[in-house]
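Q: Chain order of the listed sequences is W and B.
Just so it is clear: in the first sequence, position 243 is 243 by the numbering used here, and no numbers are missing.
One rule links them: number in the numbering used here = place in the second sequence (from 1) + 286.
Simulated from the structure, these hints should not be mistaken for laboratory data.
Keep in mind that this is a model prediction, so the values were computed, not measured.
Glycine included, C-beta positions come from ideal geometry on N, C-alpha and C.
Be careful, since some hints might not be right.
[What the hints assert, rightly or not] Restraint ranges, calculated between C-beta atoms of paired labels, are given here:
| id | chain 1 | residue 1 | chain 2 | residue 2 | range |
| --- | --- | --- | --- | --- | --- |
| 1 | W | Asn114 | B | Asp362 | 51 to 59 Å |
| 2 | W | Ile210 | B | Leu424 | 23 to 31 Å |
| 3 | W | Leu272 | B | Glu400 | 48 to 56 Å |
| 4 | W | Leu272 | B | Gly420 | 26 to 34 Å |
| 5 | W | Val13 | B | Lys460 | 51 to 59 Å |
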Amino acid sequence: MFKIKDNRAWLGVLPVVLIVSFSGVVPLMAVINYSVQDILDFNTRFFVGFQWYQETLQDPRFIEAFLRQVAFSLSVLLIEVPLGILIARGIPRDGWLTSVLLILLAIPLLIPWNVVGTIWQLFARSDIGLLGVTLNQMGFSFNYTVNPVDAWLTVLAMDVWHWTSLVALLTFAGLSSVPNAYYQAAKLDGASDWQVFRYIQLPRLRSVLIIAVLLRLIDSFMIYTETFVLTGGGPGNTTTFLSQHLATIAVGQFDLGPAAAFSVIYFLFTLLFCWIFYASITANHD
Amino acid sequence: MTSIQIEELQFQYPSANDPALKTTSFKIENGEAFALLGASGAGKTTLLNLLSGLLEPTSGSVKFDNETVNRVSGGDRNIAQVFQFPVLYEALTVQENLEFPLKARKFNSAFINERIKNIMNHFEMENLRNRRIGELSLFQKQLVSIGKSLVRPNLSAVLLDEPLTAVEPRMKWKLRNTLRQIQKEEELTMIYVTHDQTEALTFANRVAVMDQGHILQIATPDTIYRQPDHKFVGSFIGNPGMNFVSATFIRSTTPDTGGTKEIGFRPEWAVLNSGQPGDLSGQVKTTHLTGTTLGEPIGITWVSTNAGEIAIKGVLNHHPKEQVEIHLKQYLTFHNNKRLVANSDV
Chain W
1 MFKIKDNRAW LGVLPVVLIV SFSGVVPLMA VINYSVQDIL DFNTRFFVGF
51 QWYQETLQDP RFIEAFLRQV AFSLSVLLIE VPLGILIARG IPRDGWLTSV
101 LLILLAIPLL IPWNVVGTIW QLFARSDIGL LGVTLNQMGF SFNYTVNPVD
151 AWLTVLAMDV WHWTSLVALL TFAGLSSVPN AYYQAAKLDG ASDWQVFRYI
201 QLPRLRSVLI IAVLLRLIDS FMIYTETFVL TGGGPGNTTT FLSQHLATIA
251 VGQFDLGPAA AFSVIYFLFT LLFCWIFYAS ITANHD
Chain B
287 MTSIQIEELQ FQYPSANDPA LKTTSFKIEN GEAFALLGAS GAGKTTLLNL
337 LSGLLEPTSG SVKFDNETVN RVSGGDRNIA QVFQFPVLYE ALTVQENLEF
387 PLKARKFNSA FINERIKNIM NHFEMENLRN RRIGELSLFQ KQLVSIGKSL
437 VRPNLSAVLL DEPLTAVEPR MKWKLRNTLR QIQKEEELTM IYVTHDQTEA
487 LTFANRVAVM DQGHILQIAT PDTIYRQPDH KFVGSFIGNP GMNFVSATFI
537 RSTTPDTGGT KEIGFRPEWA VLNSGQPGDL SGQVKTTHLT GTTLGEPIGI
587 TWVSTNAGEI AIKGVLNHHP KEQVEIHLKQ YLTFHNNKRL VANSDV
């Protein structure tokens, strides 16, 4: 059969190819290129193979930052996902209150990261901040600039404040796909509230929750601005997460080779974590 | 196992101008198969929701065995409901779904097994026992849904909201018969909502025909068909519905108060010929073959008359464009859409 061949359609794809390569592929290649070189200055560089990778993986400060990062991301997920679901279940299905609550929930999501950091930096200060002063007045000795536990709690509280809404809104959207008849039938069956959640809502929330968990995992793994503004990674290094450690190496010390190796490892870890999560959530259902 | 009494019941949605259910009173007997028939938007579902406790009456009351249950929730009324589409716990197996309402009410396991076995036998779904809901066909799901609603013992009533909509026609008969059998066996009060006249007329002891929030007639299927109280009932029931021809009173035991006067007759209550002058005359428009009796083609003949288009059911022996005479064997008289009970000559 005679077939007209016209490859001009490929031109339509060209803009996407260009954008993706300039925004993704080219920078990534540059970083990989840097990661195998020792760069002294612009014209003096040596090929060092996987030396930076080895050094990074053996660096105790990297390992500590990594463990902190994992602890932080898991805590954030453990708090935000159940809390978000709880909030979403409390939102009425329709009525004026629904819109009011949805708007209120969306507000934290609209605030820029560094503003969130600043808000909590002021809010939690033990000398003038509403939260810090109140806690101290109540007899707790609270100071996030000195006490690592206080610093962690503040960072967690900030992240929960900032991002629980995301989980809540996604869950609410998922819940509104449950037809009313299901609740009615459950009522007639004599199902308890927990059973309604477990057997009616949760199965329908599966895909929405996978998205919520992945988004929160990726995002919390990359946290930088908020903690940088709030604690600067301190006291000591107790709230220094991966991004901030990376920034110190790359921008602070200007060690481009190790920073590039760090970045690649960081990237692979994020990818790995997301894959593990996605695979484990979706595995036992098919 | 409960009689349901509806007294002066009326319901209006808060934002609506008109009541969705106009004031009505009637009684559904203990162990009765009762059907609510009407087009969509007639108020059937509103009435059903009032019976199930999902809606609270604007005025009047719903009584179960003489006890007012206006504010009692559906769970406490001990009713079961089947919906238009299958409503099941999708992550559970068929058996777990059937057990659910019994376990929630803490029956002992011997009793639960007994009930489930019984239901599975009725609906022939023993082979589905350990399947997950997601693996079932739509028909099987609806089967399990119906089974789940009937599994509880001593139900006061079972409400079925167009339960066979999702079921293919071939299986409708079978499923309806199964329902009817269980209804009889357990002496269940069953209320069956549908827009399908065949379903209603073949299922129920009595049928309530609804239109625009009014219950127009409650009677046995036979009476509904032969003696519709209202013009709407006549035209809604039957395929095609009753023919109506406007008329005037000649002699009447009731005084002529004006308004529309009509006679109505079912398509099979008249015969056609082309000889003697009949009650109406007209020209055959189309014919529609539906089958044969004793080798003769039977079907519907549509006749254009000066009183409008008339459908006649019977032997097809007239051709389109042919001039015919219509002879009425039987008819009913209607005044302002209502059937006149007292005899009148029209």
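Q: Does each hint hold? Answer for all of them.
A: Hints and how they fare:
1. W:Asn114 x B:Asp362: 51 to 59 Å: Hint holds: Cβ distance 55 Å, inside 51 to 59 Å.
2. W:Ile210 x B:Leu424: 23 to 31 Å: holds, 27 Å
3. W:Leu272 x B:Glu400: 48 to 56 Å: Taking Cβ atoms as reference, Leu272 of chain W and Glu400 of chain B lie about 53 Å apart, which means the hint holds.
4. W:Leu272 x B:Gly420: 26 to 34 Å: Holds, at about 31 Å.
5. W:Val13 x B:Lys460: 51 to 59 Å: holds, 55 Å
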